[in-house]
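Asks: Residue-level listing of the chains:
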Amino acid sequence: MEFLALTLAGIVSTGAPLVLATLGETLTERAGVINLSLDGSILLAAMAAFAVSLLSGSPWLGLGASALVGILIAALVAVLGSVLGRSQVAVGFILTLLCRDLAYFLGHPFARRLGPELPVWSLPGISAVPFLGVVFGRHSPVVYLSLVLIPFLWWWIFLTRPGLELRAAGERPQAAFARGIRVQYLRIVYTLVGGALVGLAGGAFSLAVKPGWGRPQGAEGAGWIALALVIFGGWHPIRAALGAYLFAALQVLGITLQESFPGLPAPLFQVSPFPVMILTLLLVNMGRTGWVQNLAFPHPGLKRWLSRWQATAPAALGRDFQPEKEG
Amino acid sequence: MVPSPQSLGRIIAALLLSFLVTAAVLLLADAPPLRSLGVLLQGGLGSPAKIAQTFAVSVPLLLASSALLLASSALLLTFAAGLWNIGIEGQIILGAVFATGFLRPFPEGGGAFLMAGAIAAGMLGGALWAVTAGFLRTWGKVHEIFGGLGLNFVGLGLTLWLIFGPWRRPGVASMSGTEPLHPSLWLGELAGLSLSPVSLTVGVLAFAVVVLLLRYTRWGLTLRAVGQNPEAALLFGLHPNRRVIEAMAVCGALAGLAGALQVVGVYHRLLPAVSSNYGYTALLVTMLASFRPRLIPAICLFFALLNVGSVQLPLQLKLDSSLSGVIQGVLVLAVFLVQGLEERFRTPGRGR
Chain A
0 MEFLALTLAG IVSTGAPLVL ATLGETLTER AGVINLSLDG SILLAAMAAF AVSLLSGSPW
60 LGLGASALVG ILIAALVAVL GSVLGRSQVA VGFILTLLCR DLAYFLGHPF ARRLGPELPV
120 WSLPGISAVP FLGVVFGRHS PVVYLSLVLI PFLWWWIFLT RPGLELRAAG ERPQAAFARG
180 IRVQYLRIVY TLVGGALVGL AGGAFSLAVK PGWGRPQGAE GAGWIALALV IFGGWHPIRA
240 ALGAYLFAAL QVLGITLQES FPGLPAPLFQ VSPFPVMILT LLLVNMGRTG WVQNLAFPHP
300 GLKRWLSRWQ ATAPAALGRD FQPEKEG
Chain B
0 MVPSPQSLGR IIAALLLSFL VTAAVLLLAD APPLRSLGVL LQGGLGSPAK IAQTFAVSVP
60 LLLASSALLL ASSALLLTFA AGLWNIGIEG QIILGAVFAT GFLRPFPEGG GAFLMAGAIA
120 AGMLGGALWA VTAGFLRTWG KVHEIFGGLG LNFVGLGLTL WLIFGPWRRP GVASMSGTEP
180 LHPSLWLGEL AGLSLSPVSL TVGVLAFAVV VLLLRYTRWG LTLRAVGQNP EAALLFGLHP
240 NRRVIEAMAV CGALAGLAGA LQVVGVYHRL LPAVSSNYGY TALLVTMLAS FRPRLIPAIC
300 LFFALLNVGS VQLPLQLKLD SSLSGVIQGV LVLAVFLVQG LEERFRTPGR GR
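As you go down the protein sequences, you meet chains A and B in turn. Every letter in the first sequence is one number past the one before it in numbering that gives the first Met the number 0, and letter 249, counting from 1, is 248. Every letter in the second sequence is one number past the one before it in numbering that gives the first Met the number 0, and letter 156, counting from 1, is 155.
Just to be clear, a hint being listed does not mean it is correct.
Taking beta-carbon pairs under 10 Å as the criterion, some of the chain B residues facing chain A (in silico) [claimed, not checked]:
1. 112
2. 144
3. 178
4. 322
5. 326
6. 328
No lab work stands behind these hints, which were simulated from the structure alone. Model, not experiment: these values are computed from the prediction. All residues carry an ideal CB built from backbone N, CA and C; glycine is no exception.
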């Protein structure tokens, strides 16, 4: 029982950066914008968080820096993509590579140094409860932030007026524009907010989950997993977060396996989430292909099962929207 | 090929902007900007040996870029968003793996025949990996960015497993790679220079073939039609899905060729960094060229120069060599920015 509780606590904390990044990207994509730069953004934000907290002595300033870096990168996506009409995918991909190299270049003097970490908070009340206290009671503040954000974003996106406008901007921008919603403005705002969360994911890596900076940091690849999880989660914060915890569980399992097979190189375990990523994407997307639909046609049960996994992207995702052009 | 004053202005604006951003990055890293850039350029151009190395590095880049050019042309939805064969990095890796696997039974060496076989095996490996990503897209609706990227990591995992497992050097399994090939299986180099005339010729030829294919053959025309308007292409009976697979196969074969040349021409073994990020860099090259093929060789050379020169940075200035990647990325973004600003303020009816 104790072992299970500790494992779950490990999953909640290793999953925190993935959850933050996945939630941030879900918000951005709900508004119709793809910020593909996650893998680079997270690394650069992680580096900035570590460097700032080392230089200033305050991990809180570092965490702020990580959010700021995320916002700045998202701003580039917004300006080049939404405002100047360049391909969002192209801009995001260039930023992925650029930010990664920038992180390694600027982070060079900070590599393999000891630096401050975020404190661990024990929640009064909860930490005394037997099982739940171990799972949720003692974590870094960023972990609590990731936990609180999951229900909050679900409420915001699906139950509030601004959430309705957000979805309208991503699904039917022309209709939303005609109804007086400031589509362009909303898209930029949610790109920046999503970017802030992605940045915080980087900070969560270097200040809490995988403390420190180096090449590799250990956060490499996480951004791509987060991008895939947004699809797997069907652009729904709760489902996306569950996916993130699933991957965190695999990672925790991987660490255990690594101890049992000391002969295998550590990077091998770092690449292991990616075949799983491809399979999950197959699972959520295959149901929409013609040949699978034909195959499943005589089996209503199979069809229902497939459609339960299916995820539909916001209709205007990645499409440029220029109000002046719509007339 | 004289650029118009307008495009010349665009190039100068983008270069100036990139220079300013790079200088700012260098200042942030507490490095002297002009001296660092000087070291970088001298590292790539300082001596005949270095110039030769720059050419040598540009070959896989050129191969990869011409391969990418083909794939992107196949699905150019717009000039900037084509078939996003991000999997090219893994296709290079698989080319290297297949070439090494083909040569492993011959520790005593051999001749040109064996090397040709290794290169063919590499092309097959790259093509298989690319076609896998293609089928994931056409049969599974998994976007090629995720399919390809996932396969890149799988390819890297495969390489690591081989190097530390079945193909490890007797006694010393390490990141330094497999047992080196017999010297008779190394591509010949120009005297005193690390540049193989064979790879250079192959790179230039492959680029020319791709350009000719795209411009002058019926197949190239169909690919471009599919890329620009998949719906219409379907109605015209051009089989968009089949074209996607074909484009991926040819692209993967060329990437695999690049990987095989890395093995027989450069490293003479399989090691984890065998693809050297050339696939990703080639994507940047193709974007910087805005899919205008004639610009690609020059950009490849310039990017290769940055890569070779950046090796001097840690030696002379204790800076990280990733500066070359920073400059490459900044350049492409700067070009995007200048193009975007120009469109916004020149096109009537937009932007006011």
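Asks: Checking hints one by one. Is residue 144 of chain B an interface residue toward chain A, by the C-beta closer than 10 Å rule?
Replies: At about 7 Å, which falls below the 10 Å cut-off, the nearest Cβ of chain A leaves the hint on residue 144 of chain B intact, so it holds.
Asks: Quick check on residue 178 of chain B please, does its C-beta sit within 10 Å of some C-beta on chain A?
Replies: 17 Å, violated
Asks: Is the interface hint for residue 326 of chain B satisfied, with its Cβ closer than 10 Å to some Cβ of chain A?
Replies: Since chain A brings a Cβ to about 9 Å from residue 326 of chain B, closer than 10 Å, the hint holds.
Asks: Holds or violated: residue 322 of chain B as interface residue toward chain A, Cβ cutoff 10 Å?
Replies: This interface hint holds because 5 Å falls under the 10 Å limit.
Asks: Closer than 10 Å between Cβ atoms is the bar; does residue 112 of chain B clear it against chain A? Give me holds or violated.
Replies: 34 Å, violated
Asks: So, residue 328 of chain B near chain A? Judge it on the closest CB pair being under 10 Å.
Replies: 3 Å, holds
Of the numbered hints listed earlier, those contradicted by the structure are 1 and 3.
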